[in-house]
Every structure is written in C-alpha cells, then in structure tokens.
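Asker: The residues making up each chain are set out below.
Protein chains: 2
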Amino acid sequence: MPIIYQQISELRAALQPHRTQQSIALVPTMGNLHDGHLELVNIAKQHADIVVVSIFVNPTQFGEGEDFDSYPRTLDADVTKLATVAADYVFAPSIEEMYPVLPPATAVLAGTISAQLCGQSRPGHFDGVGIVVSKLFNIIQPDAAVFGQKDYQQLAIIKQLVRDLSYPLEIIAAPIVRAADGLALSSRNQYLTASERQVAPVLHQALQGLAQQLQDIKIAPQGSILPHIAALLAQTREHLTNAGFTVDYLEVKTAELDAMTEDFDKDEQDMVILVAAWLGRARLLDNQLVTIK
Amino acid sequence: MPIIYQQISELRAALQPHRTQQSIALVPTMGNLHDGHLELVNIAKQHADIVVVSIFVNPTQFGEGEDFDSYPRTLDADVTKLATVAADYVFAPSIEEMYPVLPPATAVLAGTISAQLCGQSRPGHFDGVGIVVSKLFNIIQPDAAVFGQKDYQQLAIIKQLVRDLSYPLEIIAAPIVRAADGLALSSRNQYLTASERQVAPVLHQALQGLAQQLQDIKIAPQGSILPHIAALLAQTREHLTNAGFTVDYLEVKTAELDAMTEDFDKDEQDMVILVAAWLGRARLLDNQLVTIK
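Taken in sequence, the protein lines are chains A and B.
For the first sequence, UniProt numbering puts the final residue at 293, and the numbers step up evenly by one.
For the second sequence, UniProt numbering puts the final residue at 293, and the numbers step up evenly by one.
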C-alpha cells in the first residue's frame with residue numbers, strides 16, 4: 001500500500017532520502033480515481049523511480065455554483081486502487097494545510113491561452129489550477145509530472161507555466177483513457193443517468209467524424225480552409241445538440257491552442273478539436289488531435 | 001573565486017552533488033554589489049553550506065521610463081567582491097536564458113500588500129519581482145534565501161509568496177547596512193551628485209527622529225493615536241522637502257504592512273516607518289522599525 005501523508009513537512013521528510021539516487025514523479029489528482037488516473041500512475045512509473053500521487057479537491061479552481069461541495073471524495077477506495085499500480089506515496093492534505101490563508105494573497109495567473117475555451121465558461125479556473133500545481137511542484141519538487149491529455153487546455157497551460165516559471169521538471173502528457181464505447185473516463189461521468197450514459201459516447205464519435213471530415217477538406221486554389229471548418233463545426237454542433245448535449249464550446253485550434261488564421265492552410269498543421277458539452281448534470285470534456293494538410 | 005554560470009542547466013548540474021549533504025542559500029541581486037550585498041552573503045554563509053549569488057537585472061520589474069537601461073552592470077567587479085566573502089557560485093543568466101518568452105504568458109501576482117507604497121509609484125514592479133524570485137527559487141531550489149530589510153515591502157511580499165506558494169525554504173531578513181553617516185547603502189546612491197550625497201543622510205536621520213517622536217506620543221484616555229501620527233508624518237515630510245527631497249511616500253504601517261487602524265493604539269505594536277524620496281536622479285528607500293505602546 002502506498003504511504004499516506006497529510007502534512008507537507010512529513011511528506012518532504014519522507015521524500016528527502018529518495019532524492020539522492022532516485023527520480024520522483026508527481027501525479028496530481030482530485031481523487032475519485034478511475035482507470036484513467038491509474039494509467040497516469042503507470043506512465044509515471046515508466047519515467048521515475050518513485051511516484052507520488054496527490055489527492056486534493058482544490059477549492060481555488062472551483063467557481064461559485066460549481067460542484068466543489070458535491071465533488072466525490074473517496075480516499076480509502078482511491079488508496080486501495082493506487083496499491084494495485086504500486087504508487088509509492090499519497091499526499092492528501094487538508095485545505096488548511098494547503099491554504100493557511102484562503103484565498104492566498106499571491107496569485108499565479110495562467111497564461112494567454114487560459115481565457116478561452118474552459119477558461120471562458122469557468123472564469124478563474126485555470127488560475128486556481130496554476131496556484132495549486134505550483135504549490136505541488138514546490139512541495140514535492142518532482143523530476144516529472146504526469147497530466148492527462150483529456151484536459152488538453154490544462155496541459156497546455158501547465159506547459160506554459162513550467163516554461164515561464166523555470167520549473168526544473170518534465171511534463172508528461174498521458175493519452176486519453178476511454179471506456180469500451182469510446183467515452184473518455186472522468187470522475188464526472190458518474191453524474192450521468194443510465195440513459196445519459198448510453199448517449200455520452202456520441203461525443204467522442206462526433207469528434208472522430210469531424211477529424212475525418214477536416215482531413216478530407218479539399219480547398220480551391222487561393223481558397224481558404226476557414227469557411228470549410230466553420231461549416232463542419234456548425235454541423236457537428238447541431239448533431240450534438242440533436243443527440244441531447246448542450247454544447248459549451250466546440251472549436252478547432254492549433255496544437256498550441258492558438259486560433260486558426262488564414263496562414264493556417266499554407267502548411268500541414270497539427271490541430272486539435274476541443275469540446276465541452278453538458279449532458280444532464282455532467283459537463284463532459286473531450287478532444288481529438290488531427291493533422292490537417 | 002566563485003564559479004560563474006550563465007546557463008540554468010549547468011548551474012543545476014553543479015548544485016546537484018551538494019544537495020545530498022549540504023544546504024544551499026540563495027542571495028538574489030541585480031549586481032553592482034556594495035557592502036550591503038556582501039553582508040547578505042555573510043549572513044547566508046551563517047545559514048547554509050553553499051551560497052549562490054544571482055546577478056540579474058530583471059526587466060520585468062522595471063516600468064516604462066525607469067532605469068533598466070542605465071542600471072549599472074559591473075559583473076567582473078562584482079565577482080571579485082564576491083570572492084572576498086567566499087560566495088560559492090554566481091548565477092548570471094542572460095535575459096533570453098531567464099525569459100525564453102518575454103513577457104511570459106504566466107504571471108505571478110504579488111499579494112495584497114503590493115499595491116501600496118512602492119507598488120503605487122511603480123505599478124507592476126512587485127509582480128516582476130514575484131516572477132523572477134519564483135524562477136530563481138525553482139532553478140536553484142535553495143534551503144534559504146536572504147533579502148535585505150532595506151527593501152522592506154519586497155521582503156514582506158516575498159514572505160507572503162513563500163507562504164502562499166508553499167516554497168520549502170526559509171526567508172532570512174538581513175539588517176540594513178549603512179554608510180558611516182547613516183545613508184542606507186544602495187546601488188542607486190551612485191546617481192547622487194557630490195552635494196546631494198551630503199544631503200542624503202538626512203533621510204535616515206528624519207526616520208530616527210520620527211521613530212523617537214512616535215515612541216514619545218502620549219494619548220489622552222479614550223483618545224486616538226492616529227491624529228498624532230498624521231501630524232508627525234506631515235512635519236517630517238515638510239522637513240524632508242525643505243532639505244531638498246521630493247517625497248514619494250512617507251507612511252507608518254504595521255510590521256506586516258497593514259494600515260494603521262483605530263485598534264492600533266490598544267496594544268504595544270511593532271510598526272515600521274517607510275519612506276521613498278527622490279534626491280536628484282536617485283530614488284532613495286529607507287525604513288525604521290519602531291515599537292509603539
């Protein structure tokens with residue numbers, strides 16, 4: 001079983017002897033672990049000798065009216081699952097341990113790409129992610145940290161943060177883990193009713209279809225790809241709405257989350273389709289990488 | 001002679017073997033070192049086995065029209081001086097090494113106490129300090145860092161930052177080092193003409209006088225100390241103006257840089273008098289701790 005620490009000082013004391021000869025990877029989570037999280041640990045194990053999993057439902061990344069209070073907290077079950085993937089340490093601090101002063105006076109403001117997409121629907125969300133991730137990096141001082149690609153925008157923002165604040169660690173992106181029917185695993189999937197759960201895989205199917213259509217676009221000489229993309233996005237959005245989703249956003253961006261521009265169709269480019277859509281009480285995220293020529 | 005590194009990766013490689021058995025202290029500077037800086041190194045030596053002095057004129061803490069371009073850069077002389085106090089390493093990165101993207105996308109916003117005093121005269125200054133100090137902490141991962149008490153507000157903000165971002169290090173405050181005539185040492189003192197240099201010690205004398213007057217205040221029962229303080233501040237400000245200073249601010253705050261309130265006179269309190277005043281081309285800072293009963 002992994003050893004659980006709730007105090008920063010105790011965790012640091014436990015990690016200290018490892019630092020001489022061993023590398024440390026961090027897997028930050030909010031708990032309520034599923035196979036996607038366990039895959040993050042498996043990947044962390046491939047990159048480091050020691051894996052620390054943090055479990056902390058971070059208040060500063062939840063907005064007013066969001067599900068901070070109802071977010072599932074299942075520490076005992078989480079620790080049992082983490083034993084199956086041989087995680088070494090669990091860091092499960094209290095809110096007071098993480099935030100002796102709440103809200104903190106100092107802020108970490110996530111970068112330029114944080115205002116769009118999820119940042120538009122959840123103002124301040126990525127700043128909350130920024131400060132908690134900074135704190136975890138400072139507390140654990142890992143050599144690597146693993147983040148899931150399902151939260152694509154979060155991953156891009158954390159890469160910016162690591163670059164901008166000179167954190168001496170490697171950010172490892174873990175592929176999305178999906179249910180057999182294609183639904184991306186997420187703790188929030190349990191908010192779905194049985195019938196919503198039947199519909200949910202349509203989200204992934206829609207992105208796959210859109211990706212194929214984007215690759216198949218044929219542009220007239222001197223033409224622009226932008227109207228083609230806009231038309232396909234509108235069509236996919238309608239498809240999702242008809243299936244019962246309330247689409248928060250559906251966009252195509254460069255892999256760095258920059259907006260598409262007219263330059264876009266000059267070269268082969270790595271793009272990403274990003275979606276957030278409500279189905280009942282659950283806000284589902286998904287994304288799909290696609291290379292457009 | 002201390003070993004000089006300009007690359008983050010080389011500095012980190014050099015520090016790595018020390019981490020097993022030795023403690024590391026950081027002394028962040030903008031170079032152009034004087035005896036005040038060397039005292040910071042002496043104090044760092046008392047707290048750690050290895051002392052790293054960073055020398056970096058940080059562009060993000062200078063505002064438009066400020067002296068970033070003209071700020072004196074004297075690396076060779078600095079290194080020679082650092083040899084006399086047995087500093088172990090000098091980290092003197094280029095702007096490109098510190099800021100591969102400038103301005104950085106991610107921001108560190110200094111806390112609640114950064115808007116007042118120097119923060120009011122120099123908008124964004126402490127945010128620039130916040131990001132560069134965060135970066136230096138991340139690059140060097142020191143066990144302690146030494147900051148001069150002359151920059152009192154900066155010291156208070158960095159203590160907040162360390163608390164809020166969970167940096168695992170001790171902040172050590174170094175007493176102000178003064179010339180024989182009482183002027184606080186500062187790289188910007190060299191902007192003073194010979195005749196201004198004669199006048200400059202009046203700043204420290206005025207604070208000492210004010211501290212004494214604050215201690216001597218007698219309040220009537222049910223009376224408030226606040227009008228007394230306001231009167232003394234006005235008087236001191238006039239004295240400085242008459243001596244040739246242009247006073248930027250002169251204030252009395254709690255030691256945590258909170259404003260005085262009516263509660264203030266209920267108990268013995270640690271207060272600080274803070275001043276910034278222009279004398280010719282030089283903006284001089286000074287402060288004086290005082291306990292008021």
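Rather than coming from a laboratory, the hints here were simulated on the basis of the structure.
From the three backbone atoms N, C-alpha and C, an ideal C-beta is built for every residue, glycine too.
Treat the hints with caution; some may be incorrect.
Straight-line alpha carbon distances no greater than 20 Å define the calculated SDA-like cross-link-like pairs of lysine to any residue that follow [to be verified]: (1) A:159 / A:258; (2) B:253 / A:83; (3) B:253 / B:234; (4) B:159 / A:8; (5) A:159 / B:9; (6) B:159 / A:45; (7) A:45 / A:244; (8) A:45 / A:83; (9) B:159 / A:100.
Computed list of chain A residues with no C-beta within reach of chain B, every gap over 12 Å [to be verified]: (10) 8; (11) 12; (12) 74; (13) 185; (14) 228; (15) 290; (16) 291.
If you want the footprint, here are the derived chain B segments under chain A, 3+ residues with CB under 8 Å [stated by the list, open to error]: (17) 22-31; (18) 49-59; (19) 105-119; (20) 128-134.
Asker: Each hint: holds or not?
Answerer: Hints, verified against the model:
In summary, the hint linking residue 159 of chain A to residue 258 of chain A is supported, as the alpha carbons are separated by about 14 Å, within the 20 Å threshold. Taking the CA atoms of residue 253 of chain B and residue 83 of chain A, the gap is about 53 Å. The hint is violated against a cut of 20 Å. Annotation: proposed proximity of residue 253 of chain B to residue 234 of chain B holds, straight-line Cα distance about 15 Å (limit 20 Å). Taking the CA atoms of residue 159 of chain B and residue 8 of chain A, the gap is near 18 Å; set against the 20 Å cutoff, the hint holds.
Between residue 159 of chain A and residue 9 of chain B the alpha-carbon distance is near 18 Å, which keeps this suggested pair within the 20 Å criterion. Between the alpha carbons of residue 159 of chain B and residue 45 of chain A the distance comes to roughly 35 Å, so the proposed pair goes past 20 Å and is violated. A distance of roughly 39 Å separates the Cα atoms of residue 45 of chain A and residue 244 of chain A; the hinted pair therefore is violated under the 20 Å criterion. Restraint check for residue 45 of chain A and residue 83 of chain A: the C-alpha separation of about 13 Å stays at or below 20 Å, so the hint holds.
For the given pair, residue 159 of chain B sits about 13 Å from residue 100 of chain A by alpha-carbon distance, which is consistent with the 20 Å threshold. In this structure residue 8 of chain A is not separated from chain B by more than 12 Å, as the shortest Cβ-Cβ distance comes to only about 7 Å. Not every beta carbon of chain B lies more than 12 Å from that of residue 12 of chain A, the smallest distance being close to 6 Å; the non-interface claim is violated. Remark: the non-interface label on residue 74 of chain A is consistent with the geometry, its nearest Cβ contact in chain B lying 25 Å away (cut-off 12 Å).
No Cβ of chain B approaches the Cβ of residue 185 of chain A within 12 Å, the least distance being about 29 Å, so the stated non-interface status holds. Non-interface status of residue 228 of chain A relative to chain B is upheld: no Cβ of that chain comes within 12 Å, the nearest being about 30 Å off. Taking the minimum C-beta to C-beta distance to chain B, about 24 Å, the non-interface status of residue 290 of chain A holds against the 12 Å cut. Every C-beta of chain B lies more than 12 Å from that of residue 291 of chain A, the closest at about 25 Å, which supports listing it as non-interface.
By the rule of at least three residues with a Cβ nearer than 8 Å to a Cβ of chain A, the coverage given for the stretch 22-31 of chain B is violated, with 0 such residues. For the stretch 49-59 of chain B, the stated coverage by chain A is violated: 0 residues have a C-beta nearer than 8 Å to a C-beta of that chain, whereas at least 3 were required. Coverage of the stretch 105-119 of chain B by chain A holds in this model, with 9 residues showing a Cβ closer than 8 Å to a Cβ of that chain against a need of three. Beta-carbon proximity to chain A at under 8 Å applies to 3 residues in the stretch 128-134 of chain B; the threshold of 3 is reached and the given coverage holds.
Hints 2, 6, 7, 10, 11, 17, 18 from the list above are not met by this structure, while the remaining hints are.
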